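Trainee: Residue numbers (my numbering), protein chains in the order written: chain A, 1 to 338; chain B, 1 to 338; chain C, 1 to 338; chain D, 1 to 338.
There's no promise every hint is true.
Repeated chains share a single entry, so a pair holds when one copy, or any two copies, can fit it.
Stated by the list, open to error - Distance condition first, Cα-Cα at most 27 Å in a straight line; then the derived DSSO-like pairs of lysine-lysine:
id, residue 1, residue 2
1, K131, K22
2, K131, K194
3, K70, K7
4, K75, K7
5, K75, K12
6, K63, K131
7, K194, K89
8, K154, K201
9, K63, K22
10, K54, K131
11, K6, K75
12, K155, K131
13, K75, K63
14, K131, K70
15, K70, K6
16, K89, K75
17, K201, K70
18, K12, K22
19, K89, K155
20, K22, K54
Simulated from the structure, these hints should not be mistaken for laboratory data.
Model, not experiment: these values are computed from the prediction.
4 protein chains.
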Amino acid sequence: MVLVLKKGYDQKQLDNLIGWLKGLGVDTHLSEGRYQTILGLVGDTSAVDIELVKSMDIVETAKRIQEPYKNANRKFHPDDTVIDIGGIKLGGGHFQLIAGPCSVESEEQIITVAREVQKAGAKLLRGGAFKPRTSPYAFQGLRAHGLELLLEAKKATGMPIVTEIMEASHIPLFEDVDVIQVGARNMQNFELLKELGHLDKPILLKRGLANTLQELLMSAEYIMAGGNQKVILCERGIRTFETATRNTLDLSAVAMLHEMSHLPVVVDPSHATGISRLVRPMAMAAAAAGADGLMIEVHNDPTHALCDGAQSLTPDAFAQVSEDVQKILPIVGKRMDG
Amino acid sequence: MVLVLKKGYDQKQLDNLIGWLKGLGVDTHLSEGRYQTILGLVGDTSAVDIELVKSMDIVETAKRIQEPYKNANRKFHPDDTVIDIGGIKLGGGHFQLIAGPCSVESEEQIITVAREVQKAGAKLLRGGAFKPRTSPYAFQGLRAHGLELLLEAKKATGMPIVTEIMEASHIPLFEDVDVIQVGARNMQNFELLKELGHLDKPILLKRGLANTLQELLMSAEYIMAGGNQKVILCERGIRTFETATRNTLDLSAVAMLHEMSHLPVVVDPSHATGISRLVRPMAMAAAAAGADGLMIEVHNDPTHALCDGAQSLTPDAFAQVSEDVQKILPIVGKRMDG
Amino acid sequence: MVLVLKKGYDQKQLDNLIGWLKGLGVDTHLSEGRYQTILGLVGDTSAVDIELVKSMDIVETAKRIQEPYKNANRKFHPDDTVIDIGGIKLGGGHFQLIAGPCSVESEEQIITVAREVQKAGAKLLRGGAFKPRTSPYAFQGLRAHGLELLLEAKKATGMPIVTEIMEASHIPLFEDVDVIQVGARNMQNFELLKELGHLDKPILLKRGLANTLQELLMSAEYIMAGGNQKVILCERGIRTFETATRNTLDLSAVAMLHEMSHLPVVVDPSHATGISRLVRPMAMAAAAAGADGLMIEVHNDPTHALCDGAQSLTPDAFAQVSEDVQKILPIVGKRMDG
Amino acid sequence: MVLVLKKGYDQKQLDNLIGWLKGLGVDTHLSEGRYQTILGLVGDTSAVDIELVKSMDIVETAKRIQEPYKNANRKFHPDDTVIDIGGIKLGGGHFQLIAGPCSVESEEQIITVAREVQKAGAKLLRGGAFKPRTSPYAFQGLRAHGLELLLEAKKATGMPIVTEIMEASHIPLFEDVDVIQVGARNMQNFELLKELGHLDKPILLKRGLANTLQELLMSAEYIMAGGNQKVILCERGIRTFETATRNTLDLSAVAMLHEMSHLPVVVDPSHATGISRLVRPMAMAAAAAGADGLMIEVHNDPTHALCDGAQSLTPDAFAQVSEDVQKILPIVGKRMDG
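Chain A on its own, in the form it takes in the complex (with noise of 0.2 Å):
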């Protein structure tokens, strides 16, 4: 971290603070320019608070120039990570998509989802339980029941699960759920995070709406820092002022997120776009960015089923899109094997 010091400066202050910083365990280098003054922070500075730093009455502004995070940071850490889901491989070379609706509704309906994604090629199901709606009058999920129709699912077919989780005290409810999904708008409940710590299971963590690759990393860390090394990040669309689509899928991401860390990065382009008919497209264009999968809705029978289904693919365009998306695998080194 850099600071350059107001004009000026209050000799006291700056004690004041070299000190705080030498308690931190971060030692400090002066530099008097013609222009300005610099403190340099040499050490470990990813116990700094940088908005701290910057309202001090005798510091104009600060940069960090090293990453806050650590576990997470691919220059302490140069190998991809490769998650190991029941036997299933994701990262480091292994794409896998992860397919369903995007909720349970029934024994029936998820069964016959499981089983025809699975003949597409998916390994994972996916399939919402705890459903986050803007409207608390929208549907809200079939609940802990849905989490036991997604465990039939598992019986039948095989297949891990992967579901959302809303809430730290719901965590019992998950114990044989393969990974927890976090949401978007959890990304940042840091509660959730922490005790998802201390769990010895993958955690697929949505990047939030508006934040940044490096809080996503920084609430990686979290669940790093208690101790569970598993986190898949996604890549789901970030808001921005386009109405076209729901949101803006940020497929720069997963080239930046493989430089800026180890873990692997997944793309969900249902809900990044909103729109069935961009999914084949934004799912083949993830996969050529390097994306380590894919997380995409599918429901058995979109006219119907009116409820979430109609923006879901068909098992059909799905296969569709399973059959396009692995042409585009080996030109960029992956492979969907098991």
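For chain A, the structure is supplied; the task is to place chains B, C and D on it using the hints.
Mentor: Below, chains B, C and D alone, put in the same frame as chain A:
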């Protein structure tokens, strides 16, 4: 809601759609135009999921022309809501200053600050006990002990207290807290909102960094749908491309929310700007824009209290802000009474 | 367009409004509902200013349900537009690489780079002569002399050239330029667009940093309304809160623009990311998303050419990108022919 | 500027870089740390292109710690700039109301409105002659004839006039205009800015919809570098994800610009919100935030004048705004004198 149907839409799918809408208590009116066919929805459409409808095969686009929020809607409750907080009124002409430190640090600190801000005109004391921090390595607040210290300060000064909750399971700890704050990052923590809806206690709900005014009102609606009508809205800056200030304070939100809703609106200029020098002009601007209150960070010794204190106002600076804001109030028809 | 009228609207004002709309050739249809009264507009509403209508006393809100662009609209021109650039086809299955240096620096430089990128598969040469720079103290390009050097390179290699215009009065200088580029900052320089509409020459129109896809098509419409139908759209990244990359490349824009319009869409991954290491993955992703071409910065000696060269690919790196992109093309039904 | 070098950077590349910087008059200071090597730049770095530097092979990241603007920088010009417009002072305690119709429509209209706003306290008359419109099918203004009508109104009332320019070649038409306005869409029309830098006439420069405060000051710098120091900055709303208001008025920009620069700052609440009902609260808030003036749209007959008039205030509503704003001024140490 108005739906534009695709050219050559399938009649059977349309029948399904109309039947589904009827099931939700919504009538329809079809009008075939030269360029497009429009299906108008008549009745209470708040239970209709517009994203779902947009994604249907036969629908080209859908536009909501009625607000999806009811309890929070000024149309159905034309009069301003006035919230009573231990005898202190907020809203409907009653303007209040809420002040205190970012984090509670010690009994002496919180009582000293409380007395100072009270002297300067603040009727409500704020202080963070549970602190949402981007980094797991940053100070996370005194948590339960911080709440105890706040209650000591309340006892010593008689000021009702406002403090943030981060997790539904913590609610029992907040029994003696006067106003529970929901932070920007938890604005769409729906499980938390639902639980707060069952309390009989004012909730100060902060707007998320990337949330629209309608979404803020939908989150208020979550609380109100549970029975708790005592919601105070809070604008605290949104995330934009601008980097000179930490966030962009959206003061048109104050005037717009007053049109859309009957709920009181307070503004937090400290978090919005992240720069203590900007607190005074933004506090005055918020008052002039018609805010029902201000939430301002004040620390008794910003120089030594290196954590959080530094970005806060001193008690003297706060007293100046209070004095200046009070000059604005009569111009906008507000008063800072008990 | 659908207007929702305010409760208790004034009948005389409504009559004025209906009369004004009739004058614009737009019929109306009033429907009184339980909760609101809706005025439907029937006919070609592209001349109706929605902002104006929204601001009228009796109008609560207005929603456009028909696109305001005509010439650029795929509904009225279902077939892909193919642009012919000196015998090189772009669009409708014809994919092209446009490559060259950010700035033209010397005859030797531009000819060397042209030959290198041509060898690697680029059919069109780009190079900046007039350079829009944020700072008045930065290099502003060789301007008219840069255009001469580009024409030399065209003569030497036979490659058609693409270069940016910044001001309508410069048009005569661009007589021998094959494709005139309008930069992001000039996307809504309407006086310039109008003048370009009178030319018989392809225009490569870049999306502004904060412009919606509809606004991009409205700017295309400015050119097309003047008679020039040869517009190539270009996505080059939009401005968001993310700071890890210079801009956020919006690849869903490619698929969405192909739905909305028949015009070809190229992608500029160099400007979008600002990081040469991200050009390759983003180029591949753009091709997979269905782009009709790529515009890539290449410099022959990035190490010494400190200006601009450094952010560009070397010719070798470009050759690798070209090779990888060509593996993607058959999967999406495109070819890089003459 | 501070550069962080990549681990294992190439010494020859570093020598090139240092040599290049020396050529720009910038000295360097290398400091090898445990975690990174930092190259500090000493001297005037305003000619160093940070994007270029960031993209160099050996540079991991670069941070600017000195502002790239000089003429506009308050550090080098501590006193407020006061602009004299035909005897009317703006800036440094002198607050002015600039009012008039969005578009000039007729001699009668512009003179009537001018007299009304003058009576209510406006000292400067605004009116659009050249109108930037998103759609080529919308009314483009009376153009040169509109300028003539404005000059008639100036003659009739003595009010200096403010009107927008869209193209450098139109400058001769603006000879008798008192203040030339550069609209948001042309904030980075650098060719236009350069030409305006050669005039001796105040320029009102509006912030672009997606431009940072630093970019706004860099555009001011374009004008000032040419010799014209009479720049008035204007905040008129930025583009965010919020859709309830047309744009998001950024009032912290007013306070922040006053820190960064000595130039006066006016606010346009009409365009920022797009909703006439919000003009009054936002005008008052802007005054309370320390703005040096307001630019407000007023039309004499919004009901009949269907174009533009409808979104404007009536003269009576404007008089009320003026009265309320004048109550705020003494609180912030401003006055509306001649």
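Trainee: It remains to establish, for every hint, whether it holds in the given structure.
Mentor: Comparing the hints with the structure gives:
Taking identical chains as interchangeable, the C-alpha atoms of K131 and K22 lie at most 27 Å apart only when they sit on different chains, with a minimum of 24 Å there against 46 Å within one chain. Taking CA atoms no more than 27 Å apart as the test, K131 paired with K194 passes in both settings, with 21 Å inside one copy and 13 Å between copies. For the homomeric pair K70 and K7, the shortest alpha-carbon distance between copies (17 Å) is at most 27 Å, but the shortest distance inside one copy (34 Å) is not. For the homomeric pair K75 and K7, the shortest alpha-carbon distance between copies (10 Å) is at most 27 Å, but the shortest distance inside one copy (36 Å) is not.
When the C-alpha separation of K75 and K12 is checked against a cutoff of 27 Å, the pair qualifies only between copies, where the shortest distance is 24 Å, while the shortest distance within a copy is 37 Å. In the homo-oligomer, the alpha carbons of K63 and K131 lie at most 27 Å apart only across protomers (23 Å), although the nearest pairing inside one protomer, at 39 Å, exceeds that limit. Taking the shortest Cα distances, K194 and K89 sit within 27 Å of each other inside one copy (25 Å), while across copies they are farther apart (38 Å). Proximity of K154 to K201 under the C-alpha cut-off of 27 Å is restricted to the intra-copy arrangement: shortest distance 16 Å within a copy versus 43 Å between copies.
In this assembly of identical chains, K63 and K22 lie within 27 Å of each other by CA distance both inside one copy and across copies; the values are 18 Å within and 24 Å between. With identical chains, the CA atoms of K54 and K131 are at most 27 Å apart between copies only, with a shortest distance of 19 Å across copies and 39 Å within one. For a Cα distance limit of 27 Å, the shortest separation of K6 from K75 across copies, 11 Å, qualifies, whereas the shortest one inside one copy, 33 Å, does not. Taking the closest pair of Cα atoms, K155 and K131 come within 27 Å of each other only inside a single copy of the chain (23 Å); across copies the shortest separation is 42 Å, beyond that limit.
Taking the closest pair of Cα atoms, K75 and K63 come within 27 Å of each other both inside a single copy (19 Å) and across two copies (20 Å). In this assembly of identical chains, the alpha carbons of K131 and K70 lie at most 27 Å apart only when taken from different copies (21 Å versus 32 Å within one copy). In this assembly of identical chains, the alpha carbons of K70 and K6 lie at most 27 Å apart only when taken from different copies (18 Å versus 31 Å within one copy). Taking the shortest alpha-carbon separations for K89 and K75, only the intra-copy value of 23 Å comes in at or below 27 Å, while the best inter-copy value is 45 Å.
Taking CA atoms no more than 27 Å apart as the test, K201 paired with K70 passes inside one copy only; the shortest distance there is 20 Å, against 41 Å between copies. Taking identical chains as interchangeable, the C-alpha atoms of K12 and K22 lie at most 27 Å apart only when both belong to the same chain, with a minimum of 15 Å there against 36 Å between chains. Taking identical chains as interchangeable, the C-alpha atoms of K89 and K155 lie at most 27 Å apart only when both belong to the same chain, with a minimum of 20 Å there against 54 Å between chains. In this homomeric assembly, K22 and K54 come within 27 Å of each other (Cα to Cα) only inside a single copy, at 18 Å, whereas the closest approach across copies is 31 Å.
In this structure, none of the earlier numbered hints is contradicted; all agree with it.
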